[in-house]
Structure formats: C-alpha cells, structure tokens
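Here are the chains, one letter per residue:
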Amino acid sequence: MSTTPSPVPSTREAVIIGGNRIPFSRAGKKYVRTSNQDMFTAALEGLVARFGLQGERLGEVAGGAVLKHSKNFNLIRESVLGSSLAPTTPAYDVQQACATGLEAAIAVTNKIKLGQIESAIAGGTDTVSDAPIVVSDRLRAALLDANHAKTTGGKLKALAAIRPKDLAPVSPSTGEPRTHLSMGEHQAITTAKWGITREDQDEVAYNSHQNLARAWESGFFDDLVTPYKGLTRDDNMRPDTSLEKLAKLKPVFGAKLGEQATMTAGNSTPLTDGASAVLFSSRAWAEERDLPILAKFVDAETAAVDFVHGHEGLLMAPAAAVPRLLARNDLRLEDIDFFEIHEAFASTVLTTLAAWEDEEYCRTELGLDGALGKIDRSKLNVNGSSLAAGHPFAATGGRIIATAAKLVAAKAAETGQPARALISVCAAGGLGAVAIVESV
Amino acid sequence: MAFNATGAPASYGVTELAQLPKLGGLFVRGVAGSVGKRPKGAVRLPETAYQVVGVETTGEAAHLAAYQRLLGEPASEVLPAGFLHVLAFPLATAVMVRGDFPLPLLGLVHLRNVARVLRPVRLGETLEVRAWAQDARTHRRGVQVDLVAEVLVGGELAYQGVSTYLAKGFTAPDGGAAAPEAPDAAPAAEAPREEWTAPLPTARWQLGGGTGRAYGAVSGDQNPIHTSSLGAKAFGFPRAIAHGMYTAARALAEVGPARRGDTYEWTVEFFKPVLLPGTVDVAIRYARDAAPTDGPEPVPATLTSENGAAAGQGFVYDGWRSGKNTRHFQGTITPL
Numbered sequence: 000m001s002t003t004p005s006p007v008p009s010t011r012e013a014v015i016i017g018g019n020r021i022p023f024s025r026a027g028k029k030y031v032r033t034s035n036q037d038m039f040t041a042a043l044e045g046l047v048a049r050f051g052l053q054g055e056r057l058g059e060v061a062g063g064a065v066l067k068h069s070k071n072f073n074l075i076r077e078s079v080l081g082s083s084l085a086p087t088t089p090a091y092d093v094q095q096a097c098a099t100g101l102e103a104a105i106a107v108t109n110k111i112k113l114g115q116i117e118s119a120i121a122g123g124t125d126t127v128s129d130a131p132i133v134v135s136d137r138l139r140a141a142l143l144d145a146n147h148a149k150t151t152g153g154k155l156k157a158l159a160a161i162r163p164k165d166l167a168p169v170s171p172s173t174g175e176p177r178t179h180l181s182m183g184e185h186q187a188i189t190t191a192k193w194g195i196t197r198e199d200q201d202e203v204a205y206n207s208h209q210n211l212a213r214a215w216e217s218g219f220f221d222d223l224v225t226p227y228k229g230l231t232r233d234d235n236m237r238p239d240t241s242l243e244k245l246a247k248l249k250p251v252f253g254a255k256l257g258e259q260a261t262m263t264a265g266n267s268t269p270l271t272d273g274a275s276a277v278l279f280s281s282r283a284w285a286e287e288r289d290l291p292i293l294a295k296f297v298d299a300e301t302a303a304v305d306f307v308h309g310h311e312g313l314l315m316a317p318a319a320a321v322p323r324l325l326a327r328n329d330l331r332l333e334d335i336d337f338f339e340i341h342e343a344f345a346s347t348v349l350t351t352l353a354a355w356e357d358e359e360y361c362r363t364e365l366g367l368d369g370a371l372g373k374i375d376r377s378k379l380n381v382n383g384s385s386l387a388a389g390h391p392f393a394a395t396g397g398r399i400i401a402t403a404a405k406l407v408a409a410k411a412a413e414t415g416q417p418a419r420a421l422i423s424v425c426a427a428g429g430l431g432a433v434a435i436v437e438s439v
Numbered sequence: 000m001a002f003n004a005t006g007a008p009a010s011y012g013v014t015e016l017a018q019l020p021k022l023g024g025l026f027v028r029g030v031a032g033s034v035g036k037r038p039k040g041a042v043r044l045p046e047t048a049y050q051v052v053g054v055e056t057t058g059e060a061a062h063l064a065a066y067q068r069l070l071g072e073p074a075s076e077v078l079p080a081g082f083l084h085v086l087a088f089p090l091a092t093a094v095m096v097r098g099d100f101p102l103p104l105l106g107l108v109h110l111r112n113v114a115r116v117l118r119p120v121r122l123g124e125t126l127e128v129r130a131w132a133q134d135a136r137t138h139r140r141g142v143q144v145d146l147v148a149e150v151l152v153g154g155e156l157a158y159q160g161v162s163t164y165l166a167k168g169f170t171a172p173d174g175g176a177a178a179p180e181a182p183d184a185a186p187a188a189e190a191p192r193e194e195w196t197a198p199l200p201t202a203r204w205q206l207g208g209g210t211g212r213a214y215g216a217v218s219g220d221q222n223p224i225h226t227s228s229l230g231a232k233a234f235g236f237p238r239a240i241a242h243g244m245y246t247a248a249r250a251l252a253e254v255g256p257a258r259r260g261d262t263y264e265w266t267v268e269f270f271k272p273v274l275l276p277g278t279v280d281v282a283i284r285y286a287r288d289a290a291p292t293d294g295p296e297p298v299p300a301t302l303t304s305e306n307g308a309a310a311g312q313g314f315v316y317d318g319w320r321s322g323k324n325t326r327h328f329q330g331t332i333t334p335l
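For the record, the sequence lines run as chains A and B.
If you use numbering that gives the first Met the number 0, the first sequence corresponds to residues 0 to 439, in order.
If you use numbering that gives the first Met the number 0, the second sequence corresponds to residues 0 to 335, in order.
It is worth saying that the hints were derived from the structure and are not from the lab.
Just so it is clear, the structure is predicted and the values come from calculations on it, not from any experiment.
Just so it is clear, CB atoms sit at the ideal spot from N, CA and C, and this is done for glycine as well.
Worth double-checking, as some hints may not be accurate.
To be verified - Pairs of lysine-lysine residues, derived as DSS-like cross-links and limited to a Cα-Cα distance of at most 27 angstroms, are as follows: (1) A:K70 - A:K164; (2) A:K255 - B:K21; (3) A:K247 - B:K36; (4) B:K323 - A:K249; (5) B:K36 - B:K21; (6) B:K271 - B:K323; (7) B:K323 - A:K192.
Said to hold, decoys possible - Some chain A residues flagged as far from chain B (calculated, every beta-carbon gap over 10 angstroms): (8) R25; (9) V169; (10) H179; (11) A191; (12) D222; (13) A246; (14) E287; (15) F337; (16) D357; (17) G366; (18) D368.
Required output: the full structure, derived from the provided sequences and hints.
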C-alpha cells in the first residue's frame, strides 16, 4: 500500500525570520469594505517595517485567497506593487483552500532550499465581508450568449432568455462542489462516525480562547501582529467564555443526523476576515542582514482523502499526512514539543487525534504497523488556535507558522535543547497540509 | 426462454416504425387511452416488439449537452445510460399507449429500473432501438410489468434497460408469462421497511421547485405530476414530485465515467416519491464500505444475473428525505 520513501536529498536550510498579521476580525465587523488586497498589503507592510525590508528585492512573494474575485488574478503581485518592497520582487498566487497559506510557505521554502531564491514571503488573506458575489449560471449563460451574438436581434434574443429569478446573486458558500454539503455538515458526519462528544469539543474551544487570551496578555503576539483599522486584538476571542456558556449553545451542524448533533457556533470557527505573512530566507541572507532566525522550516507533506463517497471524512487528510511526514524525518509523536492543529472545528482536532490513537484505523487506512500514538494534550495549540483567533481561510497558515516558529525558539532558548512543532491544516476538497518547524 | 430476432420473447412479432415517435403526441394518446383501461380479467400484454433502425444521433449534441449539464455528467461524446433511457423512452411509451396494452399509462407506478451499458454509445453513431413489454406478474397491489428497451450499434447490443411498472388493482395472467418472484419474495418497494435506518449521508441535494420541469425538458417526460403542483394534486400528491429517473441519473453522474467504466449496470428501486421543492440526503458509497444490511435488495433474476454489487464492487446509493427516515430510492452502479 505505502511505498518506502526514497532518501531525502540534502539541501540547505530555509529559515523563518518572523511573521506579521493583522488582527483577525469576525465577518461583517471591523473590515467591512476592506479588500483582500488591502488586508494582504497591510500584513506585508507590517512585515516590511518590522524587518526593514523597504526597497528590498525579495526572491519571491507567494500567497493567495480562497474567496477571490476573478479581477484579483494577480492578487499577491498587486499587493507587492502596493507595498514598499522593491517593485522588482516577483510574486504569484496560490490557492489550496484553507491550506493556501501553508502551501505557499512549502513552495517558497523549497525554492530557498534548492538555492533558487534567497528570501521569500508567504502568506494569505481572506475576507467574507468583501467576498465576491457572482451572478447565476443562467444569467451568466445569457450574458455570454448575448456577448457572442453578432446581430442586435441575436443579442436581444439571448437577453430575452433571462428570467427574474436568474437575477438573484449567488454568494460564495463553504459547500463542497461534489457533495453540496457544507464543511460543517461534512465534519458533523465525521464527528458522528468517531463518536466525539459535545463535552470534548467544548473543552477544546474553551482551551483555545483561554490559551489565546493568555498569549495576548503575555505579549506573545506583540511582534507578530500589527493593529489595523482600529483593531488591536482578534475580536473573536472570548476570554470570559466558560464551559457552561459553551454547553448552552444549540448545535448548528449535523442537526439532520438526529441525536448526534454536537457542533455549535462555539466549537466551530466563525467566518473571519484577515491576512498574514511570514518571512523566510536562507541562513546566509538573514545573517548578512543581521536578522533574527526563529526556526527552520524543516519539511512538509500534503495529503488528500477519498471523502466524496464517504470512505473518509472531508477534513481527515492531515491524519494521513502526519505519519508520512514523521516517517520521512525519522520522528515520532513523542519528538514533537508543540502540536499546532488548525481548529477548523474543535471536532476536527479530536477526530484527527482519535484516528492516530486507533490501531485498526492506523493499520488499514494509514498503512502503519499500529496506532500512531497519543499526543500530550498540554502540547496542543498552547497559544490558542482558530476557534479563538478566527479563521480567515488563506491567512491561517501564516498565523500558525509564525506562532510555531516563535514557540520553538523560546522553548529552545529556555531549555537549551532543540524544539519542534508540528503544523497541521485541513482543507476543503479533502486536502491537508502538514509541516515541521524546528528551532535553530 | 426463447427469443425472437429483436431479443423479445420468441412468440412476439416485430413492428418496425420509420422513426422514434414524439413523446408529446404519445402522452395525449396515453391520457385519452387511460380512461378505458380498467381491471377486467387477467392482463394480456401485446406480443409485439417495436423497432426503429437508422436512428441518427448526430443532431443530439445540444440535447446531450443539456442533459449532461443538468445531471452533472461531464461533457463527453459518450451517451450516459440515463441518456440512452431517455432516448429509448418514447418507443417504450409507444408500446404502453397501444390500444391493446391493457394498463393505463396514467397511474402506472415506476417501481424499479435496471439498465446495462454493454458497449459505450457515442454521439454520431447510428442506432437501432427496440422496445416491448413482458412478464406481467403478480404484485401485492396489482400487476407489475417490465418495459424492455434496447439500443444496438452495428447490430451489437449496447444498452438494455428494464423499467418495471406497477398497475394497481390489475390481475396477473394465470400461469402466464414468467413470474420469477415467489409470493414471499415481494419486491423491496413492497417489503416492510420499518427497520430501515438512514446511513450517514455523503451528499445533500437541494431540489428546487423547477426540478421536474428541468428534467422534463431534457427527458421529454412532461408528465404533469412532475411539472406542476396542480397536475400532481390531480393524482393525489401534495406537490409536484421529482422524476425517479432524475434522482437515479444524478447518482449515476455522481459516480461518473471514471469510476463506473465504459460498461456498467445501473439499478434503482423507488420507494416514496421526492416532493418538490425538497431536500434529499444521499449516501453514494462504495459497495464494500456499505454494511451488508444496507446492501442492495436482490434484483429479479430476469433483470440481472451477475450483479457485481453483491460481490462488493461498484457503488450503492440511497436517498431519503433529509433529516427523516423516509426512504426515496436505493440503487447500485457496478462496472461490468
């Protein structure tokens, strides 16, 4: 079933210098009428300011947005042109649903490792408040036909096919194109399959808010976030929430599954606006500029699962990606100091952990000899994750990488031992991206 | 059983038509003719197979594209089984509106459909289409009959579809045509279903009020129970109901050409109709993943002999009313 990976060629290191994001804001609040380009440019400018990159020609800037208008075909390049980076800095767009930011980081660090570039920024941005609205397929077809018609009569005939209901705009949805189930409904099915309890989910949510609030209070984000539009902290954070309050919320996903409905607005991420960016380089590039080196971006793996026919849950790809990544790097779960598992839903984290603990699943589905193992929950999302911070789809990867890099740097400084973080991000389409970040 | 030159039972004669009839006119005849068709004695099916040779498909490109877009089939020059069903449907309907076809077109209940693609049919190929009725047999609530439609390319059987309909209140011929089902082996559509529990869904279909009209436009089946609320009420349904074959064809499209292969069997068993607008939860699963108890009901032996779904190949699909235990349909899609 699984092939033995061939030896990993030795390359030079790609290091993480630092990150910057704008505070994440719940949809429809602070960043209304703020575009993806506005937000990514802001995140970029904060990073430029922090590391003195004004006028610098970087090797590359890569990133993207999940909800993106077709006019933003060069979103990242346009953002670079609006920033104080040298206009000679190339850029390109990436899109891999919620894994966009992490995939962008994988791409640019690979180029750094191969020596094709010396420096790069990877990141992402997403807005639900300023999401593109499209016209219906019938209206689109009529407009295209009219456009292609050669005569006025032909154009009028094409336009006459438009019916009043065709004029209703179509908002972007988080529905899977093949199943028409929303991501929440998909995860509700996975949650039911694994028998994840409401209490466990609420606890993950509660911890996320507590941990994020503590990290903000301790100043952890002072050099990772730049205030934007009057917002200085993530406005989804609820430090005052309690398990009792979370327990009172009504399930919003999985209601059609009967008694198994456990997913609420409290243990699911809200729609959020925001942007993030992370600066990577070769070790030499950072040293020449006397820039700090937080960590190494060691290795990464992507995976996909067969969810369309219900064989696997939509958001379970990281469960498959992590064992492959660990094996290739000769690591076990015990070698990881920080688990940064993106909280698309509290239950996504829990079903992933349950899968790794399940001997039969690991054998039959992951091709392992036995269970991958159980993680130490005190190492999980120690400074909060998406449930508390929010999840502007493409911006989440950058948020997590910067957090992970800072965490391993601090831990290594404290203990004098190398520290490692494992990053895991699930994504629509049954996709997942995972990565290892290690102290230098 | 012996067969004649068309594949119909040996005793059947063959009536050759110059071209495929138009459904609109057939429906008018079917509606008018339904009035006089009442249960009286055992039903006797007309022993005639209709045949049309030289059916050109070159002009079907736009029709095929509209069908593919509606059902979610990828754009392709290969005619999906659902499209072949639509193509042959007028000829089968022509059999059912004959004066000597004893059952009324209006009020026939589509119980199940079993179709096989034995050779891919491509746009541009010239087809031979045949249809006949056979096997009038007992059903708990009346008589059930098979309408068989076949499509040949270059003399080779490419498609066979068997549509089983129920006429309530009619009586099967005594010791007549083959009656493969023992009295205790009632079809799934009639078996007690209280113990059925919906599996976890793999998809959710939001079917708008216009679903029946949209499928009516590509299938030609403009039966008022599908296209208008008033028409449906006239037949005792609270609202318009989706074409059963629309739901089955959507499941077929969802599995798609890459997974069903060039040749495949596609079955469906209909339970409660889908009211429009409505939300249908669907589980389209690998047969090997579906628990044995969820598996397909046995299909009558006349319809299939090597049902691969039983061997865990291919897909099983279920549809039910979203959030309820009201079962709409179940079927299989199996590569041959």
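Go through the numbered hints given earlier and state which of them the structure violates, listing their numbers in rising order. 2, 3, 10, 11
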